[in-house]
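Letter by letter, the sequence shown follows residues 139 to 218 of my numbering.
In case anyone wonders, no lab produced these hints; they're calculated from the structure.
Note that the coordinates shown come from a computational prediction; the quantities given were computed from them, not determined experimentally.
One should not assume that every hint holds.
[Stated by the list, open to error] Label pairs and their calculated CB-CB ranges:
#  : residue 1 : residue 2 : range
1  : Leu145    : Ala178    : 43 to 51 angstroms
2  : Gln183    : Arg207    : 45 to 53 angstroms
3  : Pro188    : Asn218    : 51 to 59 angstroms
4  : Asp210    : Gln183    : 54 to 62 angstroms
5  : Pro165    : Pro188    : 21 to 29 angstroms
6  : Pro217    : Gly147    : 30 to 38 angstroms
7  : Pro180    : Asp210    : 49 to 57 angstroms
8  : Asp184    : Asp213    : 50 to 58 angstroms
9  : Leu148    : Pro188    : 29 to 37 angstroms
10 : Leu148    : Pro217    : 49 to 57 angstroms
11 : Leu148    : Pro189    : 31 to 39 angstroms
12 : Asp184    : Gln211    : 19 to 27 angstroms
Don't be surprised by glycine CBs; every beta carbon is placed ideally from N, CA and C.
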Amino acid sequence: MKRLIPLAGLMLALGGCGAREGLAPPPGQALPIAPYGATATPTPQDLLKPPMQTRPARSDDLIESVDRRRSDQFDLPPPN
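Please build the complete structure, drawing on both the sequences and the hints.
Pasting the structure below:
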């Protein structure tokens with residue numbers, strides 16, 4: 139029981155870490171410089187948006203042809 143009290147306190151403390159606020163650079167610091175070739179410095183929301191290369195399209199390709207498997211000489215029943 140004595141171990142559960144600190145554990146419950148830790149869980150309550152960590153529960154407050156999930157607060158969502160608007161992103162902004164720390165006070166006194168600016169956003170990173172614009173990437174090479176970019177016309178403007180990206181906003182925090184632009185920096186969090188994953189590029190399309192990191193989000194590949196889903197492929198649900200069905201098997202178009204059904205070929206029979208050739209026999210496997212090592213596919214033996216288990217020994218008794």
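Checked hints:
The beta-carbon spacing between Leu145 and Ala178, approximately 48 angstroms, falls within the hinted interval of 43 to 51 angstroms. With their beta carbons about 52 angstroms apart, Gln183 and Arg207 fall inside the hinted range of 45 to 53 angstroms. Under the hint 51 to 59 angstroms, the C-beta atoms of Pro188 and Asn218, about 56 angstroms apart, fit the expected range. At about 55 angstroms, the CB distance of Asp210 to Gln183 agrees with the hint of 54 to 62 angstroms.
Range check, Pro165 to Pro188: about 28 angstroms between beta-carbon atoms, so the 21 to 29 angstroms window is met. Between Pro217 and Gly147 the beta carbon distance is about 58 angstroms. The supplied range of 30 to 38 angstroms is therefore violated. Distance hint check for Pro180 and Asp210: the Cβ-Cβ separation is about 56 angstroms, which falls inside the suggested range of 49 to 57 angstroms. A C-beta distance of roughly 56 angstroms is found between Asp184 and Asp213, which places it inside the suggested range of 50 to 58 angstroms.
With their beta carbons about 32 angstroms apart, Leu148 and Pro188 fall inside the hinted range of 29 to 37 angstroms. The hint said 49 to 57 angstroms for the Cβ distance between Leu148 and Pro217, and at roughly 54 angstroms that hint holds. Between Leu148 and Pro189 the Cβ separation comes to about 37 angstroms, which falls inside the hinted range of 31 to 39 angstroms. Distance hint check: the CB atoms of Asp184 and Gln211 are about 59 angstroms apart, inconsistent with the given range 19 to 27 angstroms.
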